[in-house]
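Visitor: Mind docking chain B on chain A? Use the hints.
Residue strings, one per chain:
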Amino acid sequence: MLNKRSPKALSFTQKITNHLFLMVICPRFRLRKRGGCHTKRIIVKEEYCMGCGLCEVYCTVQHSKSKDIIKAYNREHPRPLSRVRLEVNKPVSFAIQCRHCEDAPCVTACLSGAMQKDEATGLVTHDAEKCIGCWTCIMVCPYGAIKMDASGKVVSKCDLCSELDVPACVANCPNGALVYKEVKP
Amino acid sequence: MSKYVIVGASAAGIGAVEAIREVDPVGTITVISEEPCPQYSRPMISDLVSGKANFEKMMCRDDQFWQKNEVQALTGRTAVSLNLAEKWVALDKGDHVNFEKLLIATGGKPFVPKIEGADKDGVFTFTTLSDAEHLLEKVENATSAVVIGGGLIGVSVTEALVKRGLKVTMVELKDTILSLILDPTASEMVENVITKAGVTIVTGQSVQRITGEPEDDNIVGGAVLTNGEQVQCDLVIIAIGVIPRMELVSGTDVKTNRGILVDRFMQTNVSDVYASGDVAEAYDFVFGENRLLPLWPLAQLEGKVAGYNMTGKKADYPGGTAMSALKYFGIPIISIGIVNPKEDDAYEILTRHDPERNLYKKIVLKDNVIVGITLANDIEQAGVLFHLMKNGANVKKFKQELLSEDFCLATVPRSLRRKVYPGEYK
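Residue numbers (the numbering used here), protein chains in the order written: chain A, 1 to 185; chain B, 1001 to 1426.
Be aware that a few hints might be false.
[Stated by the list, open to error] Simulated restraints on C-beta separations:
1) B/LEU1180 <-> A/PRO91: 37 to 45 Å
2) B/THR1351 <-> A/ARG79: 46 to 54 Å
3) A/SER11 <-> B/HIS1353: 24 to 32 Å
4) A/GLU102 <-> B/LYS1196: 38 to 46 Å
5) B/GLY1330 <-> A/THR125: 24 to 32 Å
6) A/GLN14 <-> B/ARG1414: 19 to 27 Å
7) A/SER11 <-> B/PHE1287: 30 to 38 Å
8) A/SER11 <-> B/GLN1230: 53 to 61 Å
9) A/GLN14 <-> B/LYS1138: 56 to 64 Å
10) B/ASP1216 <-> A/THR125: 49 to 57 Å
11) B/VAL1193 <-> A/SER162: 34 to 42 Å
12) B/ALA1197 <-> A/GLN14: 51 to 59 Å
[What the hints assert, rightly or not] Derived lysine-lysine pairs resembling DSS-like cross-links, with alpha carbons at most 27 Å apart:
13) A/LYS45 <-> B/LYS1397
14) B/LYS1419 <-> A/LYS184
15) B/LYS1397 <-> A/LYS117
16) B/LYS1138 <-> B/LYS1052
17) B/LYS1397 <-> A/LYS65
18) B/LYS1138 <-> A/LYS147
FYI, nobody ran anything at the bench for these hints, they're computed from the structure. The beta carbon of each residue, even a glycine, is placed where N, CA and C say it ideally should be.
Bound conformation, chain B alone:
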């Protein structure tokens, strides 16, 4: 019997453990994770492949994290099913763990479309440490790769492979890369730097077939695009995205949509059962509804909120929104909220583009409230804009200054600062 049981030990699981221990130093915690050493940073797996970080640097919490927090960590174990009536989680070896409060933080799994030849040696997904380690083993002897997907994961793995000296072809189904988080202008800026690094970007295409080597058909030799074009390669990385891992709750009363539905306390429709991270569909404050947002910072925050509520300390999830900071190929970009608004009178768009200095800023307003931010190359005041956005501040009086290089906290009128930074003006 454990007071708190957490399934999954990545961002959300770690956030929950820390929050629980802040409030309840004695309640027993059991964490179940499939991975042998789960306290690492998943967004950093590309840094492991590129050589920028080693295993030690990837650890986002120290080796003693579980011991220090007095957590019974069942690593290398899988939770296979759930009994909500009797409140226990069944594990892979036939044993089970009873719980008082349960957090499902099982995360996401890579989405793999049906592609002929996807079972060949040299085809990888790119989500976990073990994916990265397997890829790393092959990279040394490879000279070229095809990356399927031009989203965040695709771009990150492409950068890593380029740093390893591989010739990379990036294949994206949409017309622009990073289309979910960047508008066409910002996307083009990134495309330019990626192309300059020697990567071939193919848009509006997908891979229909992965072919084998002439000597051995089981080893990747190339990829055939939907237009029939053939690309030679030693590796194929499928980096299309992640989908929630909801197997554990299938067949139970826990309500799901595209992910597990949670309220503002991260609780599911079943009391004492919580969900956080990539598996959960939590509140998005821009859209005012629950959405899937598989992002590390949000997962950690959601886990923390769940942790507090599991101990009985009420905590509200303030809501998240799509938010990404990009460091790839030396061009710092921050993208938050709505970046490609529908052509609609409701939105006002402010932009500033200075191609000579590779500078781009765009702010999307709705009724004088910021609902979208894109900043490329001048990002240091992004947080101030984001804070105004989160607080729904009316920026009518100073909206012309939002894109200025001098924009900073001092630009925000004092009366508004008092309102949205109450701690500073007691």
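Pulled out of the complex, with its shape left as it was, chain A reads as follows:
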């Protein structure tokens, strides 16, 4: 399996440095209020993204076993995968994760029934137990938001951090480039 690392991607240290830097000086930085149910979606505000990559860091931590930043990065093998992707094509940068499309192509294309649309919440859910890693969803996702997971046997994608009130990437975006809000159905 190809393990590529984009030359434009930031290293872990750079990301943390960015974090500290932004926490001190960034005027837009604020802790957002938590709450709400899952008729909310993540809105990507491209114009505010500075490409710091903290969304990836906190997504990785949230989807790790330990939920601890140091352990997740240094002690868990294979390292848990971030389900959000920071995309950089300077000067453009933005984070992208599963959009939980209303008419989701991955659900229609799924061979095994692992990708489903939850009727109650409208979320696109992925059942790793059912997934056979046929990559058909990767082929049809218009956003390129589905990844092969670290094992290379199944796919992995954003679950909107169903156990949190606000997804980790949104809660830790220092510049409001990711917003979690109610969307019209």
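Guide: Chain B only, in chain A's frame:
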């Protein structure tokens, strides 16, 4: 009397049921299927043989699917004929079901060429769950197999048999395997990994005769290739392809070509009669004409479109095209649209081949619009390319970056993103 009658309960039938229930929660639905438990994933039958999946995992919808959707499921039953004037479908036991709207989703049947000895014990086709179950029974006591056909089905069953420890010989009539969906370079990459797994690949050949065992001529003992070469084997799997099952409409007014012809609403030339899935010849947006595309994701989409239209909710089929994602032998490949363009000035071909890293990417353009995509080993952004392709986006400004490892949504200029992702930029 049933408002909706669906013949066939695989991908297209399931897609139709879900779409109908989304719009019409009360209209009666009757589904007719030959299989006792039809809601399983046909592409996964190779996983059943390899041992990667069990029966339960193969179910792409839960056991209660028919009940939950209030469907009268006539499983294990066959639709034998059609009366379009009086609008009913005759079943195998002499009974019949009346319909208001009919969907024909009978799928395909394996194409079996005339081969001497094809009736022997140990010769299989590989399309349905029961094919896989029969094969599975024999696999335990077998040591070698010949797979006829080096297409998707052939490669999938070969992988399964290799995982079961069999010595496999794959026989392909064309010069390369997977020739319909891969170009020679990508095909060679797959050939290499398959050969490494211990499979013998014979191209440019076919099987002319299946021979019996010395003790019992009714049991498969070997195969004779067209060049006269003899291959010993315990099993022969015929995996050449599928052809539409159109018996139901033969002799009726429903227009057919190689499959049942449908319009963009999945309706046949007869009103209230729809067709979807492997049996239908539906619109291909790359070629701008109807073609047979027997693929699971398209069947499900076609069924869904048919379902909506059957309820009266207008839905357009956006069109499909040849599209396959391959996972076999550990080499992820995605192939969409035209992969082997004719040598013609009309096409521009971009390729990038890095044999050391086993990386291959090829994009075929026509008038700066993507018409073909092949990606091997770096496939995660395939969907973005496919989206640009489906939308007929002009990629002139950034075509040099299409093959880059950094290609992603951010590579697409903002103005174009606004156009092809309208939902994101309200």
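Visitor: May I ask which of the numbered hints given earlier this structure violates, with the numbers listed in increasing order?
Guide: 2, 7, 12, 15, 17, 18
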